[in-house]
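Okay, here's what each chain looks like letter by letter:
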Amino acid sequence: MSVRATVPLPGPRSPSATRPTVEALEEERDRLQATVRALRTALRVVENVSSAFERERILAAVTDALTRSFGAAAARVWLVGRGDLCKTCDLADRCQNRKSCLHLVEHGGLAALDRVLRRVPIGDFSVGRVAAQGGMITCDRLEQEPGLADPDWARIERLKSFAGYPLIHEGRLLGVVAMWSRDRLRDEVLEALRILARQAATAIAGAQLIHHVRAESEKSQAATRQIEALVQASRSGVLLVDRHGRVAFVNSAFRRLFALDDHELTGWPVAAVEAAARPVLGTQSLQGEDRELLLHLPGEPKPRVLRSYSAQVSGASGDPIGWMGVYDDVTRDREVDRMKTEFISTVSHELRTPLTSIKASMALLLSENPGLDDEATGLLQVSKRNADRLVRLVNDILDVSKIEAGRLQLDLKDHDVRALCVEAVAGVEGFAQKVGVAVRLAIDDGLPRVHADSDRVVQVLTNLLSNALKFSPRNASVDVAARRRGTAVVFAVRDCGPGIPLEFRDKLFTKFAQADRARREQEGTGLGLAISRALVLAHGGEIWVESEPGKGAAFFFTLPLAGG
Amino acid sequence: MARILVIDDDPDIRFVARIALRCGKHEVTVAESGRDALMHLDSGAPCDLVLCDRMMPEMSGMETLAEVRRRRSGVPFVFLTAKAQKDEIEEGLRMGACRYLTKPFEPAELLGEINRILAA
Chain A
1 MSVRATVPLP GPRSPSATRP TVEALEEERD RLQATVRALR TALRVVENVS
51 SAFERERILA AVTDALTRSF GAAAARVWLV GRGDLCKTCD LADRCQNRKS
101 CLHLVEHGGL AALDRVLRRV PIGDFSVGRV AAQGGMITCD RLEQEPGLAD
151 PDWARIERLK SFAGYPLIHE GRLLGVVAMW SRDRLRDEVL EALRILARQA
201 ATAIAGAQLI HHVRAESEKS QAATRQIEAL VQASRSGVLL VDRHGRVAFV
251 NSAFRRLFAL DDHELTGWPV AAVEAAARPV LGTQSLQGED RELLLHLPGE
301 PKPRVLRSYS AQVSGASGDP IGWMGVYDDV TRDREVDRMK TEFISTVSHE
351 LRTPLTSIKA SMALLLSENP GLDDEATGLL QVSKRNADRL VRLVNDILDV
401 SKIEAGRLQL DLKDHDVRAL CVEAVAGVEG FAQKVGVAVR LAIDDGLPRV
451 HADSDRVVQV LTNLLSNALK FSPRNASVDV AARRRGTAVV FAVRDCGPGI
501 PLEFRDKLFT KFAQADRARR EQEGTGLGLA ISRALVLAHG GEIWVESEPG
551 KGAAFFFTLP LAGG
Chain B
1001 MARILVIDDD PDIRFVARIA LRCGKHEVTV AESGRDALMH LDSGAPCDLV
1051 LCDRMMPEMS GMETLAEVRR RRSGVPFVFL TAKAQKDEIE EGLRMGACRY
1101 LTKPFEPAEL LGEINRILAA
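Taken in sequence, the protein lines are chains A and B. Following the working numbering, the numbering of the first sequence begins with 1 at its first residue and continues without gaps. Following the working numbering, the numbering of the second sequence begins with 1001 at its first residue and continues without gaps.
In short, the hints are calculated from the structure, not lab data. The C-beta atom is built at its ideal place from N, Cα and C for all residues, glycine as well.
Covered, in the sense of this in silico footprint (three residues per stretch, anywhere, with C-beta under 8 Å from a C-beta of chain A), are these stretches of chain B: (1) 1012-1019; (2) 1082-1096; (3) 1100-1108.
Under the rule of at most 27 Å between Cα atoms (straight-line distance), these lysine-lysine pairs were calculated in the DSS-like manner: (4) A:LYS402 x B:LYS1086; (5) A:LYS551 x A:LYS507; (6) A:LYS470 x A:LYS511; (7) B:LYS1086 x A:LYS511; (8) A:LYS470 x A:LYS384; (9) A:LYS340 x B:LYS1086; (10) A:LYS434 x A:LYS470; (11) A:LYS470 x A:LYS551; (12) A:LYS511 x A:LYS402; (13) A:LYS413 x B:LYS1086; (14) B:LYS1025 x A:LYS384; (15) A:LYS434 x A:LYS384; (16) A:LYS511 x A:LYS384; (17) A:LYS87 x A:LYS99; (18) A:LYS507 x A:LYS402.
Just need the whole structure built from these sequences, with the hints factored in.
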């Protein structure tokens, strides 16, 4: 068996030493005519093969040409494929690879006897070696060839010769085409095999590519259909505009929202859509980053509120290919928000008015009636204290509602840190005296001013101070400190109380979190730290606690410097 | 001693405000509505300070403020109200109220504030 990378076309024979006989010349003429016929056939097949997209048609054309026009007794094509039959394959124990092997996909001419090599390991037998070596292998004495896959078949069918050629496209091995013949394989046949194999490789690669593209396109079409179905089912109106400003897509919610059910819209310029929607849209534009549109729909007394977002849409390469708009009907949300705010405001007002009368009455009775006995005074004090607590609760609930509704308004101005601390300390002086705890101020000199809402900062400080005083033992002290840290001022409120258990620290800044319910004192609403946290965050600051059980707690928060 | 006109639709508030201010030896007249208060002023009664609620039926505190300013521009007008939102306070002061006090109030503090305004 010999390996040839290429086979030269049969050229004119060099003049031999002896004068050719007439018979020899006639023989030569016949041979050349046969070569021309063979090459013509090969070219015709090549043309057919090149225009065929189906893999099966290409391969059938190749084996057909080899058996009918080039004297092959048998012709077969294997293509490289996944190692799929390893569990049952007779050759599995000879196979090194297991990941891929040659799959028999087409055969023409003689059928095999019994051993049909449906799978051939790359590198094994003649066919496998063609694949492994990437070049043509020929053999003119099959009866002497030791490594035949089926020597009986070759003997019974009197097969003399073999030629195999790899199918290679752009350096990639696709498979092997092989032929067996009862005659010696002449050069023109080998050349025809080479041409056929080359063209078949190109055509097979093309067919594989087309198959791949088709599969991908079907997948992507399925994905597109799914996305389209999703967008169609969306309750948000969706509009997609191409880079020429024309509508590429709208969903039914869009048509419904803008009362455009009777219009086709796809392909329309956006200006035309806006013009068609003018009765409900007025002069508002459909494009805009994030804003509200008011729609006056026929038969509806109040305008609808639409939240509209638009964004540029980019293609795979990142270039803008247009823009999309999404439109949500938030009429109900806005109405609910408004009602909620109104409700909170009303409730807090309605609660404050009777509380005002109760509190003021108690205070007046206590201050203006020196004749009251101790028990009566005590009862009045209980009532007044609890009325005060109710007022604090109302205030805290109102604050929490505002924070949760995102309606917290800060009146940001530049403030002196010491003045803020002094104001807060003055506010808790009465309480500090009552519990017998001293409040000490340690404010660094020359601190820059902070940019903050003074009422809210005093509220946070008061809150932290009240907590610190509440948990301090008698005759202890609470320290208020402030110092600069980078572009912020850090405030600290320290006490010498029992400290905060580790497992409670995470919950500390949440609503209604009080560590020790038994210790819970009547002054607290359980909302103070949650509100403080929200207020500090709204200023762009941080709030945290450091505590060692038994050694007190220190609360810290930061506020941005003025002009920062 | 000053003559103070208290305007509030809630009789209990009128009652406690009157007692709280009387503790400062002030002479208190109460009105249950803006219209009532204007009638009092239109009768030519002397008045040194007006203490007025904001949320009242018929005529609001803001409307009352405007009418009072037309009649007695020099008389200090003080709001005493549960409407304590920042923007509400600012609006009240912008419209010509000289002080904005919020409910609930401590009688002693209310008296202190009123005395300070009268002294100014």
